[in-house]
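Residue numbers (the numbering used here), protein chains in the order written: chain A, 186 to 442; chain B, 186 to 442.
Since the hints were derived computationally from the structure, they do not count as laboratory data.
Note that the structure is predicted; figures quoted are calculated from it, not measured.
There's no promise every hint is true.
A pair counts as met if it fits within one copy or between any two copies, since identical chains are not told apart.
Claimed, not checked - The calculated SDA-like cross-link candidates involving lysine to any residue, where the alpha carbons are at most 25 Å apart (straight line), are: (1) Lys-216 - Leu-365; (2) Lys-216 - Glu-402; (3) Lys-216 - Ser-297; (4) Lys-216 - Asp-380; (5) Lys-216 - Ala-421; (6) Lys-216 - Phe-399; (7) Lys-216 - Val-405; (8) Lys-216 - Trp-372; (9) Lys-216 - Arg-404; (10) Lys-216 - Ser-366; (11) Lys-216 - Ala-374; (12) Lys-216 - Gln-357; (13) Lys-216 - Arg-431; (14) Lys-216 - Thr-373; (15) Lys-216 - Ile-322; (16) Lys-216 - Gly-403.
Given next are the chains, with one letter for each unit.
There are 2 protein chains.
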Amino acid sequence: MTDASTPTDRIWTAALIVVGDEILSGRTHDKNITQVATWLGVQGIRLREVRVVPDVESAIVEAVNALRARNDYLFTTGGIGPTHDDITVDAVAAALELPVVIHPRARAVLESYYATRGGLNEARLRMARVPEGASLIENRLLGAPGIRVQNVFLMAGVPHIAAQMLDALTGQLEGGLPLLSATIGCWTAESEVADLLRETEQAHDQCQIGSYPFFREGRVGANFVIRSVSADAIAACGEAIEIGLRASGREPVPGGI
Amino acid sequence: MTDASTPTDRIWTAALIVVGDEILSGRTHDKNITQVATWLGVQGIRLREVRVVPDVESAIVEAVNALRARNDYLFTTGGIGPTHDDITVDAVAAALELPVVIHPRARAVLESYYATRGGLNEARLRMARVPEGASLIENRLLGAPGIRVQNVFLMAGVPHIAAQMLDALTGQLEGGLPLLSATIGCWTAESEVADLLRETEQAHDQCQIGSYPFFREGRVGANFVIRSVSADAIAACGEAIEIGLRASGREPVPGGI
Numbered sequence: 186m187t188d189a190s191t192p193t194d195r196i197w198t199a200a201l202i203v204v205g206d207e208i209l210s211g212r213t214h215d216k217n218i219t220q221v222a223t224w225l226g227v228q229g230i231r232l233r234e235v236r237v238v239p240d241v242e243s244a245i246v247e248a249v250n251a252l253r254a255r256n257d258y259l260f261t262t263g264g265i266g267p268t269h270d271d272i273t274v275d276a277v278a279a280a281l282e283l284p285v286v287i288h289p290r291a292r293a294v295l296e297s298y299y300a301t302r303g304g305l306n307e308a309r310l311r312m313a314r315v316p317e318g319a320s321l322i323e324n325r326l327l328g329a330p331g332i333r334v335q336n337v338f339l340m341a342g343v344p345h346i347a348a349q350m351l352d353a354l355t356g357q358l359e360g361g362l363p364l365l366s367a368t369i370g371c372w373t374a375e376s377e378v379a380d381l382l383r384e385t386e387q388a389h390d391q392c393q394i395g396s397y398p399f400f401r402e403g404r405v406g407a408n409f410v411i412r413s414v415s416a417d418a419i420a421a422c423g424e425a426i427e428i429g430l431r432a433s434g435r436e437p438v439p440g441g442i
Numbered sequence: 186m187t188d189a190s191t192p193t194d195r196i197w198t199a200a201l202i203v204v205g206d207e208i209l210s211g212r213t214h215d216k217n218i219t220q221v222a223t224w225l226g227v228q229g230i231r232l233r234e235v236r237v238v239p240d241v242e243s244a245i246v247e248a249v250n251a252l253r254a255r256n257d258y259l260f261t262t263g264g265i266g267p268t269h270d271d272i273t274v275d276a277v278a279a280a281l282e283l284p285v286v287i288h289p290r291a292r293a294v295l296e297s298y299y300a301t302r303g304g305l306n307e308a309r310l311r312m313a314r315v316p317e318g319a320s321l322i323e324n325r326l327l328g329a330p331g332i333r334v335q336n337v338f339l340m341a342g343v344p345h346i347a348a349q350m351l352d353a354l355t356g357q358l359e360g361g362l363p364l365l366s367a368t369i370g371c372w373t374a375e376s377e378v379a380d381l382l383r384e385t386e387q388a389h390d391q392c393q394i395g396s397y398p399f400f401r402e403g404r405v406g407a408n409f410v411i412r413s414v415s416a417d418a419i420a421a422c423g424e425a426i427e428i429g430l431r432a433s434g435r436e437p438v439p440g441g442i
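Start from the sequences, fold in the hints, and give me the full structure.
What follows is the structure, given as structure tokens:
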């Protein structure tokens, strides 16, 4: 019998669309991919794909329709502000074939926020526009809320505002078992232990092993990251890697380098 | 008459696929998007879309086929090392319906590089595997080269190795006019100047204007980035923004804040 509060084996997935010419031009270094990825991991949801698309409606529409259909959740960052280049709401509405309407609560939030900041002008009212049927993702930091419509979550592009919106969603989305990980480092070329890694992964079918080489302090090394939903499986797999490294005269560094 | 060395009005485009579970898990913060985007800009090539995909062959194949067809160039980063989780070569070969072969020059490069580093074992020889017909992108830093096959460029995931591969490609790819940009900052809420930005963009059809708000030193501000292939058009558009800001009692900050 499964307790309703127990995460099941079902894997919950999400995708992220980063909307922004400023990322594609190289001007701005994206910070939302890492922050959304990390947050999703804690919710028991796997980030399966990210697309960075320009501020062009057809590009956003294509990405929204491709990704919302094959994931449980779709997040977007960017393009929900008050200026002419903020077109994410219109694009998502177009993708979902919904009209754009003024959300009364978003309007009230903005009216209150801007009461002491020059009042609600037409540009600011743009931030109350939502695809019909949407609900709001409240944001304690600023007036403009994020938007949820069906399985699509529209968030701000400014990373610390997006962080507030994620915080508001914490614990609100159904997820599965979080993907756990453990890292073992070693001062070795990964190409010298490739057989060990491949064979160990094959012998531990609940685990994936990623190998991430680096060059530091004038030496080559690598971190081996074991991922699984089972802490026991990770422990067993990690022990096998450590034994294998020691057997070849190498010293594992638990926790990574 | 057009000089063959003169960039034309044709817009050259590229896409980037970042291969890596470590990005999607949030463990590693991607640095290749910004570096590839910036490098492409200098080559006169526009980065049109980025996808981050997991270390899963079918996911890489789908992204390769979608993006190579609609862009002049497709770049990939990650998954070309010696370990079992490095599957980009196989995935690109599958997408292009090509067999994977050992590239004789890549093998020679690796033999030479590893002669004083323990010799060429089976794992290291994996890095000489290429889709049939590929050429190499030499990499002065390390033995393993990048790979060019048709319009697809496979590069390392480690950012400083990818940088070496980009360096080797500098000036080698046909491009168009570089996209230029100029930034004007202002200590104002972007929602207060949204009309000015929209109307100025409409009046300068060779330019796009992006508005990027921020919160710094306890104040709101924004940078307005004008992009165009024409320096003259950018100058005229920038002047219009500066005049508009001053007309409303705001002080433009040329170069941005």
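Quick rundown of the hints versus the structure:
1. Lys-216 - Leu-365: both (22 Å within a copy, 24 Å between copies)
2. Lys-216 - Glu-402: between (27 Å within a copy, 20 Å between copies)
3. Lys-216 - Ser-297: neither (30 Å within a copy, 40 Å between copies)
4. Lys-216 - Asp-380: neither (35 Å within a copy, 29 Å between copies)
5. Lys-216 - Ala-421: neither (34 Å within a copy, 33 Å between copies)
6. Lys-216 - Phe-399: both (22 Å within a copy, 14 Å between copies)
7. Lys-216 - Val-405: Classified as between; 20 Å across copies, 28 Å inside a copy.
8. Lys-216 - Trp-372: between (30 Å within a copy, 23 Å between copies)
9. Lys-216 - Arg-404: So Lys-216 and Arg-404 pass the 25 Å test across copies only (21 Å; inside, 29 Å).
10. Lys-216 - Ser-366: Classified as both: same-chain Cα gap 22 Å, cross-chain 22 Å, threshold 25 Å.
11. Lys-216 - Ala-374: between (30 Å within a copy, 22 Å between copies)
12. Lys-216 - Gln-357: within (23 Å within a copy, 31 Å between copies)
13. Lys-216 - Arg-431: Classified as neither: same-chain Cα gap 38 Å, cross-chain 33 Å, threshold 25 Å.
14. Lys-216 - Thr-373: between (31 Å within a copy, 24 Å between copies)
15. Lys-216 - Ile-322: Close inside one copy (20 Å), not across copies (30 Å); limit 25 Å.
16. Lys-216 - Gly-403: Answer is between; shortest inter-copy Cα gap is 21 Å, intra-copy 29 Å.
Checked against the numbered hints given earlier, the structure breaks hints 3, 4, 5, 13 and satisfies all the rest.
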